[in-house]
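J.: Residue-level listing of the chains:
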Amino acid sequence: DIQLTQSPSSLSAFVGDRVTITCRASQGISRFLAWYQQRSGTAPKLLIYGASILHRGVPSRFSGSGSGTEFVLTIESLQPEDLGTYFCQHTNGFPYSFGRGTKLEIK
Amino acid sequence: QVQLQESGPGLVKPSETLSLTCSVSGASIVPYDWNWIRQSPGQGLEWIGHIHYSGTTDYNPALESRVTISADTSKSLLSLNLTSVSAADTATYFCARDGFAQTWNGNYYYIDVWGKGVTVIVSS
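Residue numbers (the working numbering), protein chains in the order written: chain B, 457 to 563; chain P, 280 to 403.
Misleading hints may appear alongside valid ones.
What the hints assert, rightly or not - List of simulated lysine-lysine pairs, DSBU-like, C-alpha gap at most 30 angstroms:
#1 K563(B) with K395(P)
#2 K559(B) with K354(P)
#3 K501(B) with K563(B)
Don't read these hints as lab results, they were simulated from the structure.
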């Protein structure tokens, strides 16, 4: 089974900052990786799939990159509404799995 | 607009069976694939299993011996049964839809629609 390791587990940044979150897969998964944002008390929301394809309606300050085993989610110019927890997920066959999450706080 | 609504008992006794349903509205179950995912308090997301619109299922190996996912396409209902529950099964349970995209550099699945989740506590 594929394990996903996210880093950091938490981070704090100022509005306007550039933020990066990394997700590493235990084996190559090509570009079969998605990113989600979860605000407190709500269901996760899809941000990016195919490692770098922005889901419709997601602000362009979000971007994804990577392939194989290393992936990065970048938020350019952090906004107050970006606080929450971010998860990566692989869809390179079953069983699916998620990273443990990165909790993002706004300073 | 597709909407998913989970329902079921909020409290289940240890060793009993947890049974949840997910009502799908705004779209047909066919030809989509569906997932159940859970989140323990303050923890990350755990994928429980998946059902293809044909009825084929795949499960998390850690739960496979206790879990059954089914679909009633005529009623637009998904179901999750988890047997022999313990306190470790206390969580918010989500049903969620697989989306699919054909792109220039590949075909990708992702989870694009989530229910709001239902919280289940396992306690005597």
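J.: Hints first: check each against the structure and report whether it holds.
T.: Taking the hints in turn, this is what the structure says about them:
Taken as a hint, the K563(B) and K395(P) pair is honoured in the structure, with Cα atoms around 28 angstroms apart against an allowance of 30 angstroms. The hinted pair formed by K559(B) and K354(P) fails the criterion: a straight-line CA distance of about 38 angstroms is larger than 30 angstroms. Of the supplied pair hints, the one linking K501(B) and K563(B) holds, its CA atoms being roughly 23 angstroms apart against a limit of 30 angstroms.
Checked against the numbered hints listed earlier, the structure breaks hint 2 alone; every other hint is satisfied.
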